[in-house]
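Number of protein chains: 2
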Amino acid sequence: MARTKTDNSAKMKDVADLAGVSIKTVSRVLNNEPHVQEKLRRKVREAADKLDYVPSQSARSLRGSRSYDINLVCHHPDSAYVNAIQFGAVIACQELGYQLSISLVEDLDQKSISEIRDAFETVMRRRRPDGVVLLAPYANDEKIGFVLHEMGIPVVRVGPVDLQKQGLLVEIDDYQAAIEVVRHLTDLGHDRIGFIRGSENQRSTHVRFSGFSVAMEAAGLTVDTDLVRPGTFDFQSGYDAGQYFLGLKTPPTAVFSSNDDMAAGLVAAYTERGLKVPDDLSVVGFDDASIATCMRPYLTTIRQPLSDLGATAVRELVSTLSEASRNGAHRIVLDHEFILRDTTAPPQTN
Amino acid sequence: MARTKTDNSAKMKDVADLAGVSIKTVSRVLNNEPHVQEKLRRKVREAADKLDYVPSQSARSLRGSRSYDINLVCHHPDSAYVNAIQFGAVIACQELGYQLSISLVEDLDQKSISEIRDAFETVMRRRRPDGVVLLAPYANDEKIGFVLHEMGIPVVRVGPVDLQKQGLLVEIDDYQAAIEVVRHLTDLGHDRIGFIRGSENQRSTHVRFSGFSVAMEAAGLTVDTDLVRPGTFDFQSGYDAGQYFLGLKTPPTAVFSSNDDMAAGLVAAYTERGLKVPDDLSVVGFDDASIATCMRPYLTTIRQPLSDLGATAVRELVSTLSEASRNGAHRIVLDHEFILRDTTAPPQTN
DNA sequence: GCGGTTTTTGACAAGGTTGTCAATATTGGA
DNA sequence: TCCAATATTGACAACCTTGTCAAAAACCGC
Numbered sequence: 001m002a003r004t005k006t007d008n009s010a011k012m013k014d015v016a017d018l019a020g021v022s023i024k025t026v027s028r029v030l031n032n033e034p035h036v037q038e039k040l041r042r043k044v045r046e047a048a049d050k051l052d053y054v055p056s057q058s059a060r061s062l063r064g065s066r067s068y069d070i071n072l073v074c075h076h077p078d079s080a081y082v083n084a085i086q087f088g089a090v091i092a093c094q095e096l097g098y099q100l101s102i103s104l105v106e107d108l109d110q111k112s113i114s115e116i117r118d119a120f121e122t123v124m125r126r127r128r129p130d131g132v133v134l135l136a137p138y139a140n141d142e143k144i145g146f147v148l149h150e151m152g153i154p155v156v157r158v159g160p161v162d163l164q165k166q167g168l169l170v171e172i173d174d175y176q177a178a179i180e181v182v183r184h185l186t187d188l189g190h191d192r193i194g195f196i197r198g199s200e201n202q203r204s205t206h207v208r209f210s211g212f213s214v215a216m217e218a219a220g221l222t223v224d225t226d227l228v229r230p231g232t233f234d235f236q237s238g239y240d241a242g243q244y245f246l247g248l249k250t251p252p253t254a255v256f257s258s259n260d261d262m263a264a265g266l267v268a269a270y271t272e273r274g275l276k277v278p279d280d281l282s283v284v285g286f287d288d289a290s291i292a293t294c295m296r297p298y299l300t301t302i303r304q305p306l307s308d309l310g311a312t313a314v315r316e317l318v319s320t321l322s323e324a325s326r327n328g329a330h331r332i333v334l335d336h337e338f339i340l341r342d343t344t345a346p347p348q349t350n
Numbered sequence: 001m002a003r004t005k006t007d008n009s010a011k012m013k014d015v016a017d018l019a020g021v022s023i024k025t026v027s028r029v030l031n032n033e034p035h036v037q038e039k040l041r042r043k044v045r046e047a048a049d050k051l052d053y054v055p056s057q058s059a060r061s062l063r064g065s066r067s068y069d070i071n072l073v074c075h076h077p078d079s080a081y082v083n084a085i086q087f088g089a090v091i092a093c094q095e096l097g098y099q100l101s102i103s104l105v106e107d108l109d110q111k112s113i114s115e116i117r118d119a120f121e122t123v124m125r126r127r128r129p130d131g132v133v134l135l136a137p138y139a140n141d142e143k144i145g146f147v148l149h150e151m152g153i154p155v156v157r158v159g160p161v162d163l164q165k166q167g168l169l170v171e172i173d174d175y176q177a178a179i180e181v182v183r184h185l186t187d188l189g190h191d192r193i194g195f196i197r198g199s200e201n202q203r204s205t206h207v208r209f210s211g212f213s214v215a216m217e218a219a220g221l222t223v224d225t226d227l228v229r230p231g232t233f234d235f236q237s238g239y240d241a242g243q244y245f246l247g248l249k250t251p252p253t254a255v256f257s258s259n260d261d262m263a264a265g266l267v268a269a270y271t272e273r274g275l276k277v278p279d280d281l282s283v284v285g286f287d288d289a290s291i292a293t294c295m296r297p298y299l300t301t302i303r304q305p306l307s308d309l310g311a312t313a314v315r316e317l318v319s320t321l322s323e324a325s326r327n328g329a330h331r332i333v334l335d336h337e338f339i340l341r342d343t344t345a346p347p348q349t350n
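Just so you know, the sequences run in chain order A and B.
According to this note's numbering, the first sequence is numbered sequentially starting from 1.
According to this note's numbering, the second sequence is numbered sequentially starting from 1.
Worth double-checking, as some hints may not be accurate.
Unchecked claim - Straight-line C-alpha distance at most 30 angstroms; calculated DSSO-like pairs for lysine-lysine:
no.: 1; chain 1: B; residue 1: Lys43; chain 2: A; residue 2: Lys11
no.: 2; chain 1: B; residue 1: Lys143; chain 2: A; residue 2: Lys50
no.: 3; chain 1: A; residue 1: Lys11; chain 2: A; residue 2: Lys43
no.: 4; chain 1: A; residue 1: Lys111; chain 2: B; residue 2: Lys111
no.: 5; chain 1: B; residue 1: Lys43; chain 2: B; residue 2: Lys13
no.: 6; chain 1: A; residue 1: Lys39; chain 2: A; residue 2: Lys50
no.: 7; chain 1: A; residue 1: Lys11; chain 2: B; residue 2: Lys111
no.: 8; chain 1: A; residue 1: Lys13; chain 2: B; residue 2: Lys11
no.: 9; chain 1: A; residue 1: Lys50; chain 2: A; residue 2: Lys11
no.: 10; chain 1: A; residue 1: Lys50; chain 2: B; residue 2: Lys50
no.: 11; chain 1: A; residue 1: Lys24; chain 2: A; residue 2: Lys11
no.: 12; chain 1: A; residue 1: Lys24; chain 2: A; residue 2: Lys13
no.: 13; chain 1: A; residue 1: Lys111; chain 2: B; residue 2: Lys24
no.: 14; chain 1: B; residue 1: Lys13; chain 2: B; residue 2: Lys24
no.: 15; chain 1: B; residue 1: Lys143; chain 2: A; residue 2: Lys24
no.: 16; chain 1: A; residue 1: Lys11; chain 2: B; residue 2: Lys11
no.: 17; chain 1: A; residue 1: Lys11; chain 2: B; residue 2: Lys276
no.: 18; chain 1: A; residue 1: Lys143; chain 2: B; residue 2: Lys143
no.: 19; chain 1: A; residue 1: Lys13; chain 2: B; residue 2: Lys24
no.: 20; chain 1: A; residue 1: Lys11; chain 2: B; residue 2: Lys50
no.: 21; chain 1: A; residue 1: Lys276; chain 2: A; residue 2: Lys249
no.: 22; chain 1: B; residue 1: Lys111; chain 2: A; residue 2: Lys143
no.: 23; chain 1: A; residue 1: Lys24; chain 2: B; residue 2: Lys50
Hints are computed from structural coordinates only; laboratory data are not their basis.
Could you put together the complete structure from these sequences and hints?
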């Protein structure tokens, strides 16, 4: 009922017949292999066009070594961050003739190697993806990397990673970005600057904090541990941090939040108390997620080129696959951008 | 380099040998086909377990008629709505041994049939997904449905759809939900109730508005066209609507927004003017997206079980595939829930 | 206990591509 | 012009499953 029984779509054989060559020659042309005369190349391409030929992925991957499938491993995609990266990854996959599929695995970073192996067993061996894109919070997990390596599946990681092991990595310079944020704040005259950390199992939390600390020192300021709060990258934890800051005898005059969601929560906490941002508190976020412009005042933040990160990750991964020669580490750093909006101002002098 | 050359993973042949049966029997057992003795079934299962056997998806789909691939067609996944549905869909796919892949196609609903055909040509014929999940704004597009039908690919649509054509449909009762919203507002004593529409190419906009209108009439109120504003489902358009309402001589005392993002924009517009929600304006949203609790006051809204919608869509689709008998239309309605939070109150009497 | 059903099992082909390797055509040098 | 080397092409096997169909086994009623 559902699918028509007679599959009348063209096969490689049909193209070969129409072009008057062998199927192997068709295969060569379509895969851009050498050793085919230009004249035949054209003929084959024309025939393929005319017949609307589309190669069968399953036959290709059964016989060949490629599945033309890239797997994105993530946790819970309900975050603008993952979402935007995924967007870029899908686009790049479509351009390259690959397909992006999604795997959701929970708390993988908390599991033992053999549990991870089990979790990946089916996902990775059924379809045998040609590569895997690893996002936070899994990008920086050593065990996951180990299992994937053991399975012989190439990996590209997105976001800051401190693993020594060789591999593909696409990120922005979180460290430098954090420094720029602090510089902006100190330039405005702030000297009591707070910080909201993100999830502790994500490397970006540590890198951003370390940039923050270094820049503070460079500005001759000390990092007051009372002004450094934990967080989990979500709105609520930013809100909680805000409550905490508001309860302080000497609250900070500015806070750098590790991401935008928490920054929004922080602003909400202040606003709720009748305080004004940026008058009573300057706030800087990180990511330039959609919430940054869906809040008032508009959030000053660091823009991560998220969908570019996703697209670049896929492109690098795919190009690694063909260039058998390229081994070892390869790290790509994309540009971030400081986005000045309305949540920062000089500290109130009173 | 990347992948180990010697593929030592077990094949069906290995399982058959170990279990002392033919490969066809293994195939039968693993696919839960009838006509195998219970004793052999156990033997085969044990052998498969012992060898960590994982069937090759490509061989399966090359020979069989299934690809075990479900394709989610969407527009731009940068919306909490799409995201949550996708989440449920991935989970369901994983449970069922399917894989979810993503296709991004832009403005498909604006294209001609042959353009759509071209856009789908590669995506759909390479991998030959067993089914397609269609989300807004494509769920309700007739041409897309036609092309997919022509290609013989089963489709499940998520969200309200008015196409007569048979097919799978998973949705909530948007109409009834809208009525509940109005009832809540009229119960509070509101009689000047505004409405913010969503994108005009999405059926939900019309269904929600029609529920709104009917409930207004039922309450003895008339729908004042001055209080009905267009929107595009995003924060900004809600904000714009808010500006408009604020400019009115007699603004509404309550507004029903077709989704949460716009409701948040509306609240932002009022708050920015120094007005208070719900004192100066009651607001109700739709979706219960994350923004509903990432704004202050917390948004009263209708909760859509988004990830359930996605999961149900996939499950229905897959079950249709095996039950060859089931044809024709099938419509599943999941429960929504009215979520009372802090953006509604009786109208100010002054 | 026998012929006829029905159930269970297996041998074999087929699915559409790519890899291997041999065959053929072309080129270059003597 | 001929031989060796190289470039181009094609025949055929292989990849790993599932569908078909026939064989074998088990069951039934008389």
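To see whether the hints hold, each was checked on the structure:
1. B:Lys43 <-> A:Lys11: violated, 40 angstroms
2. B:Lys143 <-> A:Lys50: holds, 24 angstroms
3. A:Lys11 <-> A:Lys43: It holds: about 16 angstroms lies between the C-alpha atoms, which stays within 30 angstroms.
4. A:Lys111 <-> B:Lys111: violated, 47 angstroms
5. B:Lys43 <-> B:Lys13: holds, 14 angstroms
6. A:Lys39 <-> A:Lys50: holds, 17 angstroms
7. A:Lys11 <-> B:Lys111: holds, 28 angstroms
8. A:Lys13 <-> B:Lys11: holds, 28 angstroms
9. A:Lys50 <-> A:Lys11: Status holds; Cα separation ~12 angstroms.
10. A:Lys50 <-> B:Lys50: violated, 49 angstroms
11. A:Lys24 <-> A:Lys11: holds, 12 angstroms
12. A:Lys24 <-> A:Lys13: holds, 9 angstroms
13. A:Lys111 <-> B:Lys24: Violated - the C-alpha atoms of B:Lys24 and A:Lys111 are around 37 angstroms apart, more than 30 angstroms.
14. B:Lys13 <-> B:Lys24: holds, 9 angstroms
15. B:Lys143 <-> A:Lys24: violated, 38 angstroms
16. A:Lys11 <-> B:Lys11: With a Cα-Cα distance of about 27 angstroms, the restraint between A:Lys11 and B:Lys11 holds, given a limit of 30 angstroms.
17. A:Lys11 <-> B:Lys276: With a Cα-Cα distance of about 66 angstroms, the restraint between A:Lys11 and B:Lys276 is violated, given a limit of 30 angstroms.
18. A:Lys143 <-> B:Lys143: violated, 47 angstroms
19. A:Lys13 <-> B:Lys24: Holds, at about 29 angstroms.
20. A:Lys11 <-> B:Lys50: Not OK: A:Lys11 and B:Lys50 at ~39 angstroms, beyond 30 angstroms, violated.
21. A:Lys276 <-> A:Lys249: With Cα atoms ~18 angstroms apart, A:Lys276 and A:Lys249 stay inside 30 angstroms; holds.
22. B:Lys111 <-> A:Lys143: violated, 47 angstroms
23. A:Lys24 <-> B:Lys50: At roughly 39 angstroms apart (the allowed maximum being 30 angstroms), B:Lys50 and A:Lys24 break the hint.
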